[in-house]
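Note that the protein sequences, when read in sequence, are chains A and B.
Going by the working numbering, the first residue of the first sequence is number 1, and it counts up by one from there.
Going by the working numbering, the first residue of the second sequence is number 1001, and it counts up by one from there.
These are calculated hints, taken from the structure and not from any lab test.
You may find that some hints are simply not true.
[Unchecked claim] Using 30 Å as the maximum straight-line C-alpha spacing, the simulated DSSO-like pairs for lysine-lysine come out as follows: (1) A:K129 with B:K1118; (2) A:K260 with A:K283; (3) A:K260 with A:K234; (4) B:K1084 with A:K129; (5) A:K139 with A:K129; (6) A:K234 with A:K255; (7) A:K32 with A:K12; (8) B:K1165 with B:K1209; (9) A:K193 with A:K139; (10) B:K1209 with A:K129; (11) A:K234 with A:K193; (12) A:K129 with A:K234; (13) B:K1118 with B:K1165; (14) A:K129 with B:K1165; (15) A:K193 with B:K1165; (16) A:K12 with A:K139; (17) A:K193 with B:K1209; (18) B:K1084 with B:K1118.
Okay, here's what each chain looks like letter by letter:
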Amino acid sequence: MSAPLILAVPSKGRLQQNTESLFARSGLELVKPRGSRDYRGTIADFDGVEIAYLSAAEITAQLAQGAVHLGVTGEDLVREMIADADRDVVFIDQLGFGFANVAVAVPQAWIDVRNMADLDDVATAFRLKHERKMRLATKYANLTRAFFADHGVVDYRIVESSGATEGAPAAGTAEMIVDITTTGATLAANGLKIIDDGIILRSQANLVAARAASWDGGQRETARLLLDRLAAEKRAHAYREVRTRFAGMNDALLKEAQEKFGVAAPFGGPTSSGMLTLHCPPKHVHALASFLRDHGAEAVSVAALDYVYARDNPLHERFMAELDRDAPAKNA
Amino acid sequence: MSIMPTNGPDLGAQQLVSSYMRAGYTLIDPPVLQPAEPFLDLSGEDIRRRMFLTTDPHGHELCLRPDLTIPVSRAYLQSPSAGKAAGFCYLGAVFRHRENGAAEFMQAGIESFGRNDKAAADAEMLALGLEATTLYGIGAPEVRVGDVGLFTAFVAALELPPAWKRRLVKDFNRKWSLAHDLDQLTLSAAGSPPEYQGVLAALERSDPKAAHHLVADLLSIAGIAAVGGRSVDEIAERFLEQASLDAGARLPSETRALIERFLAVRGDPDEAAGELRNLVADTKLSLNGALDLFEVRTGFLAARGVDVRAIRFSTAFGRGFDYYTGFVFELHDSKTKGPLIAGGRYDALLTRLGAREPIPAVGFAASIEELAACGAAGGAA
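Chain A extracted, bound-state conformation (with noise of 0.2 Å):
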């Protein structure tokens, strides 16, 4: 029996309950055989993979290592925590939840003080005047390093922060810190702005691959069998399937429509009969609908699609094409 693949699931939180959403929408149903507090699973009905439950930041440290082949974790941490992460690991797909951003902030009475070019005076002015460099606190010091380094900002410390870092400020540990946030609300309440041009990273769940497991055994088939799902359920929920049949339908008519709102034919142009199948963003939908009618169709009927497989799978091309290709030079 070849080696299955391990895919490494956020072990708790709403991580975990959109990663386990995210592969049933695409009919992957994860299970735990021994029960819910195990910490490895399968897919049920599929073979060759084992789930292994981890955190978020362990998820991350395996697919450094190589430990895992692939994981679902947050860009952030990524960044943050592999060194040179484009040489390391694949960032397959965007998943649509997670989303944080990793900003600089700082107390809202720095009324003198919007964006990084005013942090960079700050920083130097202070350095001259208390005969010490500006504290920062955070979790993302390797983030804000190469931040500040592109804003030439260097009058400044790093506090390593293990908890509730927009504390820092208040509590006199920090002068100012970088951390994640959705919607700044947590921020505010400690009196403290996000700056302008402050934010560094704007991270969402990702599913990345570890280029140093091992892709030798069965690995790359069970990924592309996997990826395939993934990709059909991604391309169905991006569509609305769009059908109807009257006689005006022509190429030139079909190519308006492709032009207009974005759809796709995929099984080819109008039957000489003028019937038709569309795939439409679902936005475009109703505008669609009422452009063919206007054209002359009786009915149109929109539905939603389960899957949409297609002979092409940009999911896994890019995968094959990322993990084949030599790892990017170190900057020589």
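Fit chain B to the given chain A structure using the hints.
Just chain B now, kept in the frame of chain A:
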């Protein structure tokens, strides 16, 4: 990495240190394990990822010394000669992650403290550096020289708001930032208007003291005393400083051209001094003794037998470290990428390390690895 020390480079290094000692420098061997704080504080957060850090049982952050300047400076401050003129030399390993090469490598250098004859001390460092290359049988290394003090004096003399002066001096060591600053300065009026532009414009024309009180009072009313280590006064002061910055304070193109003219000065020290004298005469800017010091230093270099005409000086040359305050230099050989020897003046460092009075300091470090690679058979007798 070899376990046994190889004969070639180590023998050369021993001879090098002996030559330092003959020149009057006391051999010193500071601990390899150092508190991390001074390095992070003085070299910036960027050095952290290149350092070897550890934590003692009390939670204090320690590191393997990434250079010897700070350890030697600390040892000097803890010694009885602190504050007095004293010179030290060293030979030892330093530890830094590098893209190419082992993370542990040998440096031999000199640190000279407390000498008030700065020009002579500067010249002595470059002369000793050149002697070191001779000792390794390296013919005529390329000598790159700069003077951070000239730029600082030049910026101080310009008519610019204090915030912009701070920025230009800070960004001197980051060349793209400096170019970016100049663009920003020239374009600032075209940028987006500040949030409080109306208020700032109104305040700009009012009595500075009254305006300061007004802003401080407003912050106090909001219940803000001191937030994030900055006092209400500091915030008010800089807020008002922005008034002068934003209320149409655009860098006149003549000033920009002047800065660019200054930074374009290069050549041998005598040529450069001539150009700088012309610049001073054309603009009536005073460089406040920095240019005199520069010329006196050139004199001392010539007196020490250094071929002054072979020196490649540039006003824009800096070593990328914020702690240099004056003379900086590097000796290069075409065979290696990094400098064989590098150093400079760092008069502000010792107060940052806790000295009560400013103590002049200058020094350099020689890379044994690079010297041995370029030298004829690892050092001549």
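Verification of the hints:
Of the supplied pair hints, the one linking K129 (chain A) and K1118 (chain B) holds, its CA atoms being roughly 26 Å apart against a limit of 30 Å. For a cut-off of 30 Å, the pair hint linking K260 (chain A) to K283 (chain A) stands: about 12 Å separates their Cα positions. Proposed proximity of K260 (chain A) and K234 (chain A) is supported: the alpha carbons are some 22 Å apart, at most 30 Å. The straight-line distance between the Cα atoms of K1084 (chain B) and K129 (chain A) is roughly 27 Å, inside the 30 Å bound, and the hint therefore holds.
As the CA atoms of K139 (chain A) and K129 (chain A) are separated by approximately 27 Å, the hinted pair is consistent with the 30 Å bound. Taken as a hint, the K234 (chain A) and K255 (chain A) pair is honoured in the structure, with Cα atoms around 25 Å apart against an allowance of 30 Å. Between K32 (chain A) and K12 (chain A) the alpha-carbon distance is near 14 Å, which keeps this suggested pair within the 30 Å criterion. At most 30 Å may separate the alpha-carbon atoms for a hinted pair to count; K1165 (chain B) and K1209 (chain B) meet this at roughly 22 Å.
In summary, the hint linking K193 (chain A) to K139 (chain A) is supported, as the alpha carbons are separated by about 18 Å, within the 30 Å threshold. Proposed proximity of K1209 (chain B) and K129 (chain A) is supported: the alpha carbons are some 20 Å apart, at most 30 Å. Taking the CA atoms of K234 (chain A) and K193 (chain A), the gap is near 36 Å; set against the 30 Å cutoff, the hint is violated. The suggested pairing of K129 (chain A) with K234 (chain A) is violated, with an alpha-carbon distance near 56 Å, which exceeds 30 Å.
For the proposed pair K1118 (chain B) and K1165 (chain B), the alpha carbon gap of about 25 Å is at most 30 Å, so the pair holds. This hinted pair checks out: K129 (chain A) and K1165 (chain B) have alpha carbons roughly 15 Å apart, not beyond 30 Å. Taking the CA atoms of K193 (chain A) and K1165 (chain B), the gap is near 27 Å; set against the 30 Å cutoff, the hint holds. At most 30 Å may separate the alpha-carbon atoms for a hinted pair to count; K12 (chain A) and K139 (chain A) meet this at roughly 20 Å.
For the given pair, K193 (chain A) sits about 28 Å from K1209 (chain B) by alpha-carbon distance, which is consistent with the 30 Å threshold. Distance hint between K1084 (chain B) and K1118 (chain B) is fulfilled; the C-alpha atoms sit about 14 Å from each other, no more than 30 Å.
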